[in-house]
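Sequences listed follow chains A and B, in order.
With the first letter of the first sequence counted as 1, position 304 gets the number 304 in this note's numbering; the numbers rise by one all the way through.
With positions in the second sequence counted from 1, the corresponding number in this note's numbering is that position plus 342.
You can trust all of the hints, since none of them are fake.
Here are the simulated SDA-like cross-link-like pairs (lysine to any residue), alpha carbons at most 20 Å apart as the crow flies: (1) A:LYS14 to B:ARG367; (2) A:LYS14 to B:SER363; (3) A:LYS298 to A:THR172; (4) A:LYS14 to B:ALA379; (5) A:LYS253 to A:ALA177; (6) A:LYS125 to A:HIS29; (7) A:LYS14 to B:THR360; (8) A:LYS14 to B:ALA449; (9) A:LYS14 to B:GLU368; (10) A:LYS71 to A:GLU98; (11) A:LYS14 to B:PRO378; (12) A:LYS14 to B:ASP382; (13) A:LYS253 to A:GLU181; (14) A:LYS253 to A:LEU243; (15) B:LYS390 to A:PRO59; (16) A:LYS125 to A:ARG48; (17) A:LYS298 to A:GLU336; (18) A:LYS124 to A:GLU78; (19) A:LYS14 to B:ARG358; (20) A:LYS14 to B:THR453; (21) A:LYS253 to A:PHE171; (22) A:LYS14 to B:GLU383; (23) A:LYS124 to A:THR4; (24) A:LYS14 to B:ARG420.
Which chain A residues face chain B? A few, computed with CB under 8 Å, are given here: (25) ASN16; (26) LEU19; (27) SER86.
Hint data in this document are derived by calculation from the structure and do not stem from the laboratory.
No residue lacks a Cβ here, since even glycine has one placed at the ideal position from N, Cα and C.
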Amino acid sequence: MSSTARLLVADDNKVNRLLLSRNLELLGHAVATAENGRIALDMLGRERFDLLLLDMEMPEMDGFAVLAAMKQDPALREVPVIVTSSLEGIAHVVRCIELGAEDYLNKPVNPVLLRARIGASLEKKRLRDRQRELLRQFATPEVALDLERSGFALGGRRVRASVMFVDIRDFTPLAEAQGAEETIDLLNNYYALMFDAIASHGGIVTLMLGDGLMAVFGAPLELPGHETAAVDAALEMTDLVELFNAQREAEGKAPIRIGIGIASGEMIAGYAGTKARATYTCIGDTVNLAARIEQHTKVAQRTLLIDAVTRAALGERADVESLGPTSFKGVSTPLEVFAVGG
Amino acid sequence: MNPIDPIDRATFAELRDTTGSDFVRELVDAFLAEAPAMLDELRDALAKDDADRFRRAAHSLKSNSHTFGAMSLGALARELELGGLPVAQAQGTQALVPVAAEYARAAAALTMLRDE
Numbered sequence: 001m002s003s004t005a006r007l008l009v010a011d012d013n014k015v016n017r018l019l020l021s022r023n024l025e026l027l028g029h030a031v032a033t034a035e036n037g038r039i040a041l042d043m044l045g046r047e048r049f050d051l052l053l054l055d056m057e058m059p060e061m062d063g064f065a066v067l068a069a070m071k072q073d074p075a076l077r078e079v080p081v082i083v084t085s086s087l088e089g090i091a092h093v094v095r096c097i098e099l100g101a102e103d104y105l106n107k108p109v110n111p112v113l114l115r116a117r118i119g120a121s122l123e124k125k126r127l128r129d130r131q132r133e134l135l136r137q138f139a140t141p142e143v144a145l146d147l148e149r150s151g152f153a154l155g156g157r158r159v160r161a162s163v164m165f166v167d168i169r170d171f172t173p174l175a176e177a178q179g180a181e182e183t184i185d186l187l188n189n190y191y192a193l194m195f196d197a198i199a200s201h202g203g204i205v206t207l208m209l210g211d212g213l214m215a216v217f218g219a220p221l222e223l224p225g226h227e228t229a230a231v232d233a234a235l236e237m238t239d240l241v242e243l244f245n246a247q248r249e250a251e252g253k254a255p256i257r258i259g260i261g262i263a264s265g266e267m268i269a270g271y272a273g274t275k276a277r278a279t280y281t282c283i284g285d286t287v288n289l290a291a292r293i294e295q296h297t298k299v300a301q302r303t304l305l306i307d308a309v310t311r312a313a314l315g316e317r318a319d320v321e322s323l324g325p326t327s328f329k330g331v332s333t334p335l336e337v338f339a340v341g342g
Numbered sequence: 343m344n345p346i347d348p349i350d351r352a353t354f355a356e357l358r359d360t361t362g363s364d365f366v367r368e369l370v371d372a373f374l375a376e377a378p379a380m381l382d383e384l385r386d387a388l389a390k391d392d393a394d395r396f397r398r399a400a401h402s403l404k405s406n407s408h409t410f411g412a413m414s415l416g417a418l419a420r421e422l423e424l425g426g427l428p429v430a431q432a433q434g435t436q437a438l439v440p441v442a443a444e445y446a447r448a449a450a451a452l453t454m455l456r457d458e
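Here chain A stands alone, though its shape is the one from the complex (with noise of 0.2 Å):
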């Protein structure tokens, strides 16, 4: 152990507090202590903790409790616990490590052992906080979440969602007439906004491909509604291309203007890839239609245009217009398009 970690201590005996913060101190971290379960909790839930060593016998509240509470605690689940304990009997320990204890020391706690057990428990901490972190940073917080609580698997399940395609229209002349910097500052700019009004309806980026990207509403986490999610996220995203607009006109800036396409039904979604890169994605002909009807609004000289099945779960809408049945390449029956919004 190199660096300083703070821990808690909770035990109801006075020696056994001030044995085990001494054995922690020597080893170079900071320690609180608490005289029960209870205590433990209230300061583990107003403090930051990298551990908790945890005694199980205790009044008030008892070990075996503070792991349970612990457990069903989100912001809580994360701190590791080693149990210390002078309980006899397998059966208690396996209790333990089922309650999500980390690991299980006997008192007295020989100081040798404490040091191995909290390096290693501390290490691996760091090692999930930085996995964690870096997930975050490249998947979206649901798909970081699912991928917490389920584990990571290729392969999907079908589920009923709602894809969205974006487009920025005519973006490579708009690249090519300015710097490189500058494009991709755009781009960023552009994404930051687009980002920002999937996610406040409920949707998750899953592809960003140059100026396109592909959005989910619905998967990995069920979304009920999310056809008109998705078209409300969309009439943000136009009225925020707008405002963006007013600002790149104000800098003496070409305004873009972009395509969305939504359709509704059911899909694929799940891992796909490789196991050692994959991505979240959705497949299926839902996902097709969406693509096509994000690509057929520069041939309808429309911003927005949703499928039939997003028209019905709408209702009575007064902006919703209908186009008539449009061919698409790769569908062998025309279908009906709507156009939402201007």
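Based on these hints, arrange chain B on the given structure of chain A.
Just chain B now, kept in the frame of chain A:
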């Protein structure tokens, strides 16, 4: 059980080596201050038929005894913890006499060792 010396010297020496003499003095003082309350707790729990408190007090006494190398005291406390209230009740008024006597021996030895 009940050897001449109530404290296992090797255990006590190791405690002193790993945590320091000053700290061990403080730790012994804490034990001598707390242990009588644990014995009182045992008596009170026995009188009031409170199995949980009885077991917890015996458990604490056992745990602390082992820390200082008070092996006989630890063994007696362990018997009380594992036997629980029913065994102690079956022994009647004499149930806590051995543990109290052994504590007196251990406390005397620890008081001397603390200043060595």
